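For the sequence shown, the numbering used here gives the first residue as 487, with consecutive numbering after it.
Since the hints were made in silico from the structure, they are not lab data. A few of these clues could be false.
FRET-style restraints, in silico, Cβ to Cβ [stated by the list, open to error]:
#: 1; residue 1: L719; residue 2: K598; range: 22 to 30 Å
#: 2; residue 1: I885; residue 2: S964; range: 13 to 21 Å
#: 3; residue 1: K883; residue 2: I767; range: 32 to 40 Å
Quick caveat, the model's predicted, so the values are computed rather than measured. For each residue, glycine too, the CB sits at the ideal point set by N, CA and C.
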Amino acid sequence: MIRISKNKIFFLSAILSIIGSSLLISCTENSIHSGNITEDGEEIKIKTDIATEIRARGYEEDISSGRVESGEFYLTYPQASNNENIVATVTFGNDNGATNPEFGRVNIPTGKPFKWLEIGGGATPTFFLDNVKGSETSYINSTNIEFNKDYNPYKAALFDSITGSNDLLWSTDQFGRDKTNTLHFNLHHNMSRIKIQVTVDKTYDYENGDLELAGAKVELTNINLAPLSYNRLDGTLTLESSENTEALGALTFVSGDDTEGPHWIWNNEFEESSKNEENKIFTYITPSFVVPPQGLMSNENRPRLIITMKNGISYSGILPQVMEIESPNPTDEDLGLSYPVALYFLKEHILTIRTVITQEPPALVFMPVKVIEWVDKGEFTVEGHQSGIYLPAEFNKLIEYYNNNNKYQLVRYGDYITDDGLWDFKIWSSLILNYNDIAGEMIPGVETEKGETPPFRFSFNGYSVYIIMNDNTLNKVSEEELHDIVTRVP
């Protein structure tokens, strides 16, 4: 038995605010030089850490931390003459006279050396750094970059793991005037990365090749593919409203063609299972794609995952509505519980949509979708089952539909097992329920206009359910104990 404080109340909006802030705040380490720094003193240099390392030989996507040592970036700062923001090019590497490649040289539009004398903004000016060049029609010296059909490097596409050309990097920070000659930024990935993992159970693969994913096509529909513009001051991409269905399109993760387009990548699970002829479980994974961060529609235009086999058989499913974020500051009292929010494509995160395909019965089932931060700060889970209970409010609706014997609505929360003659209500999230709200509220055998309320059971699927009792204690219950509570006759 665990006692919880009456003041231990979590607000989802606060949780999201904390998490959102953590993604934007730069963990900056200012390099303080000894001695006096004057307005017209040494030239100011830029030093930058990013989540994945860039070196002269190319872009390495899976290194947890690194430092820019080559290439061009763009610094936005207030100019001394009028405090208006202006954009300068920052060049990293040895080609431009830099003694150390990790210190970028700033080339300001006036051609003068970049010193504090050239910078406005008061005692602590605000600076912005990114890797967005702009185009001829969207001049580099602009805080807002307009994209067009000829120039749009951040539209949804295969992730460029070689040069990082479609990895939008951004950071902002304030530095005390005359306190340092090195501005040290920590860049963040402002795109979302997505990949799809498919596990195939070939135990009942009666027809040869019916479950063969080699040569299959995999696509995700109704995605906002192309941003309209980019703002250097907040690092965000502006998208066409999803209400305009013409802005939505399909993103192909695997082409289904042996010669063109992206192909499957075998991961370790597949390699290990393929060595065992008795193992009928095979796992495939697509390459990573980057997409502009975005919310997902909740109507008929919600994204659908479609997998079309080489023989023409197609499996599909609508992406789930809910994802869960763990407490940003977990404590013993939190019990490791997570907070459900609407599923959306997060910037600075890698989202793996995981599914299982079977032939007996023919089905595509979403498994918990794994989401990790692009910067390695931990992980949380997106619950991807299409029918089940994710929120306490959904449990309350289950009670309402059950007491009306509304079979049409009950399928949202589980499956009716014909052989057993009962409902199997599935729980896909840890829940906290109030005893007074649920006790005795689901009595089997009660006569309704649609017949008697049928027997049922609960399946927790590895999640935990806690009941707040009348004395404000929190009890963890089993599937059978929850059933006993809701069927308890007063």
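To see whether the hints hold, each was checked on the structure:
no.: 1; hint: L719 - K598: 22 to 30 Å; in the structure: holds, 24 Å
no.: 2; hint: I885 - S964: 13 to 21 Å; in the structure: holds, 19 Å
no.: 3; hint: K883 - I767: 32 to 40 Å; in the structure: holds, 35 Å
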